[in-house]
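Novice: Chains as they are written, first to last, in our numbering: chain B, 41 to 187; chain V, 41 to 187; chain L, 5 to 85; chain U, 5 to 85.
Keep in mind that the hints are not guaranteed to be accurate.
Claimed, not checked - Negatives, chain V to chain U, calculated, CB over 10 Å: (1) E90; (2) W111; (3) R126; (4) P127; (5) M152; (6) K156; (7) P160; (8) E175; (9) E181; (10) D185.
Claimed, not checked - Distance windows between CB atoms, simulated: (11) B/D42 <-> U/G32: 52 to 58 Å; (12) B/L184 <-> U/A46: 25 to 31 Å; (13) B/D42 <-> V/R139: 37 to 43 Å; (14) U/V73 <-> B/P80: 49 to 55 Å; (15) U/E43 <-> V/A82: 43 to 49 Å; (16) B/T101 <-> U/P20: 51 to 57 Å; (17) U/E22 <-> V/D61: 46 to 52 Å; (18) B/K102 <-> V/G170: 20 to 26 Å; (19) B/A58 <-> U/G72: 38 to 44 Å; (20) B/R44 <-> L/S26: 24 to 30 Å.
Stated by the list, open to error - Facing chain V, according to a computed beta carbon distance under 10 Å, are these residues of chain U, among others: (21) L24; (22) S26; (23) P81; (24) M82; (25) G85.
Keep in mind the hints are simulated off the structure, nothing from the lab.
All C-beta atoms in this analysis are idealised placements derived from N, C-alpha and C, irrespective of residue type, glycine included.
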Amino acid sequence: MDIRVQEAPFDLGHEVEAFTDRQVNMGAVVTFTGITRDLPGAGMDRMEMEHYPGMTERALTKIAEDAMARWDLGDVLIIHRYGVLRPQDRIMMVGTASRHRAHAFEAAEFLMDYLKSRAPFWKKEITKDGSEWVEAKDEDEAALDRW
Amino acid sequence: MDIRVQEAPFDLGHEVEAFTDRQVNMGAVVTFTGITRDLPGAGMDRMEMEHYPGMTERALTKIAEDAMARWDLGDVLIIHRYGVLRPQDRIMMVGTASRHRAHAFEAAEFLMDYLKSRAPFWKKEITKDGSEWVEAKDEDEAALDRW
Amino acid sequence: MDVLYFAWVRERIGIPRETLDSSATTVGELVEELKAREERYAAAFADLSALRVALDQDLSDFDASLEGVREVAFFPPMTGG
Amino acid sequence: MDVLYFAWVRERIGIPRETLDSSATTVGELVEELKAREERYAAAFADLSALRVALDQDLSDFDASLEGVREVAFFPPMTGG
């Protein structure tokens with residue numbers, strides 16, 4: 041397991057390559073990358089991602105351990121940034137490795153669903169007209185029901 | 041859409057980076073990478089992946105078009121190798137980009153399920169004791185039922 | 005006991021953390037104490053359904069006991085990923 | 005009409021492709037013609053449930069018409085990915 045919470049950008053290609061390369065006899069690697077989207081209309085200057093240092097690492101570790109316990113996984117990777125993000129910046133990524141493609145896919149979706157609603161991050165969108173905290177979506181909370 | 045059928049290896053990190061980089065305002069990128077697993081016991085010398093030139097490209101294009109029609113996707117990438125593959129070699133990858141993470145995940149799983157059973161590839165495993173064509177799994181055919 | 009605030013809860017209350025002496029035995033009692041202190045607390049805690057609480061960095065709920073708890077954090081529903 | 009064979013069908017029949025003059029109007033009739041030719045064809049086509057067929061590079065089935073078809077391919081279930 042490799043869990044990183046960091047302000048600095050990460051090198052997506054390098055991380056995917058390194059994660060895949062260090063697996064032994066895993067037939068399937070799935071990755072998800074989350075990217076900052078621009079806002080329609082006025083446009084977004086930046087997003088500020090606040091987090092709860094200490095609890096964040098703890099929550100992500102718990103989510104990764106739950107995934108490892110539930111599926112036949114060789115490894116899990118989570119990288120999540122905080123601080124200032126611009127449109128098109130990569131916010132976070134997860135990676136899963138398994139002998140079975142269904143396990144790799146399901147575990148990656150599980151990680152994303154839990155990480156969205158159970159890891160202490162908060163997004164604030166800043167436009168030239170002002171700023172607004174992003175509201176949690178009911179569909180994100182509902183997504184947890186399937187696990 | 042970017043569909044490639046090739047004998048040569050591909051650079052996974054480079055492909056993931058390039059695919060992600062060329063998306064505009066897509067919040068979610070999912071990739072799947074398939075890796076040659078070794079065989080238990082005697083061990084595998086190599087896998088030979090046969091395909092049906094012409095039909096392969098046609099089938100993969102159709103599968104990618106079906107995914108683009110069914111989900112809200114910005115882009116689809118499929119790279120699939122043929123020829124000789126050694127344990128730990130990357131066989132193939134798919135990538136999906138969407139504004140919604142659920143769409144990116146589902147489309148990637150759909151691509152994989154169809155590609156497994158509907159694209160004309162055949163795997164032969166060669167050990168020092170002989171060679172054997174890999175048999176299609178009932179579960180792979182059954183996986184199509186959910187779409 | 006350390007009390008931490010995040011996101012708009014932090015902005016509304018005006019500080020990211022404070023250390024309190026409280027006789028509250030549950031999170032709910034602590035919230036009532038805070039609301040009684042000043043208008044900015046009352047505003048932040050007006051709608052508990054819009055809030056989440058963590059005790060010693062684990063998600064919890066508003067009727068949980070504070071016994072042995074050293075760090076309480078209040079924040080809106082998370083929006084990571 | 006070009007007839008193509010892949011994987012163990014190709015190995016059993018011994019050639020990857022051939023050009024045939026056939027009066028068969030369906031895939032099924034073509035299979036019967038081939039089986040009647042030589043033992044290696046009979047062996048390859050012994051169990052049709054283990055085979056798939058493509059007509060002009062589209063997956064099809066054994067009762068499909070051959071009218072206008074230029075390329076027929078026989079192979080086992082695919083194992084890509």
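Novice: Next, verify each hint and record whether it holds.
Specialist: Evaluated hints:
1. Listed as a non-interface residue, V/E90 fails to keep its Cβ farther than 10 Å from every Cβ of chain U; the least gap is roughly 6 Å.
2. The beta carbon of V/W111 is kept farther than 10 Å from every beta carbon of chain U, the shortest such distance being approximately 19 Å.
3. Non-interface call for V/R126 relative to chain U: holds, since the shortest CB-CB distance, roughly 17 Å, exceeds 10 Å.
4. Distance check on V/P127: its Cβ is at least 16 Å (rounded) from any Cβ of chain U, clearing the 10 Å threshold; non-interface status holds.
5. Some Cβ of chain U comes within 10 Å of the Cβ of V/M152; the nearest lies about 6 Å off, and the non-interface call is violated.
6. The non-interface label for V/K156 is inconsistent with chain U: the shortest C-beta to C-beta separation is roughly 4 Å, within 10 Å.
7. Listed as a non-interface residue, V/P160 fails to keep its Cβ farther than 10 Å from every Cβ of chain U; the least gap is roughly 6 Å.
8. With a least beta-carbon separation of about 7 Å from chain U, V/E175 fails to lie farther than 10 Å from that chain, contradicting its non-interface assignment.
9. With a minimum CB-CB distance of about 7 Å to chain U, V/E181 fails to clear the 10 Å threshold, and the non-interface call is violated.
10. Separation of V/D185 from chain U is adequate, the least Cβ-Cβ distance of about 16 Å exceeding the 10 Å criterion.
11. The hinted range of 52 to 58 Å is satisfied by B/D42 and U/G32, whose Cβ atoms lie roughly 56 Å apart.
12. A beta carbon spacing of about 57 Å between B/L184 and U/A46 contradicts the range 25 to 31 Å that was offered as a hint.
13. Evaluation of the 37 to 43 Å hint for B/D42 and V/R139 yields a failure: the beta carbon distance comes to about 28 Å.
14. Remark: the range hint 49 to 55 Å for U/V73 to B/P80 is upheld by a beta-carbon distance near 50 Å.
15. Distance hint for U/E43 and V/A82: a CB-CB separation of about 32 Å, inconsistent with the stated range 43 to 49 Å.
16. For B/T101 and U/P20, the Cβ-Cβ distance of about 54 Å falls inside the hinted range of 51 to 57 Å, so the restraint holds.
17. For U/E22 paired with V/D61, a C-beta distance near 47 Å keeps the hint of 46 to 52 Å intact.
18. For B/K102 paired with V/G170, a C-beta distance near 47 Å fails the hint of 20 to 26 Å.
19. Take B/A58 and U/G72: their Cβ atoms lie about 52 Å apart, and the range 38 to 44 Å is violated.
20. Remark: the range hint 24 to 30 Å for B/R44 to L/S26 is contradicted by a beta-carbon distance near 35 Å.
21. Proximity of U/L24 to chain V is violated relative to the hint, the smallest CB-CB distance being about 18 Å (cut-off 10 Å).
22. Here the hint on U/S26 is broken, as its CB sits about 21 Å from the closest CB of chain V, past 10 Å.
23. Annotation: interface hint on U/P81 holds; nearest CB of chain V at approximately 4 Å, less than 10 Å.
24. Given the 10 Å rule on beta carbons, the hint for U/M82 holds: about 6 Å separates it from the nearest Cβ of chain V.
25. Given the 10 Å rule on beta carbons, the hint for U/G85 holds: about 4 Å separates it from the nearest Cβ of chain V.
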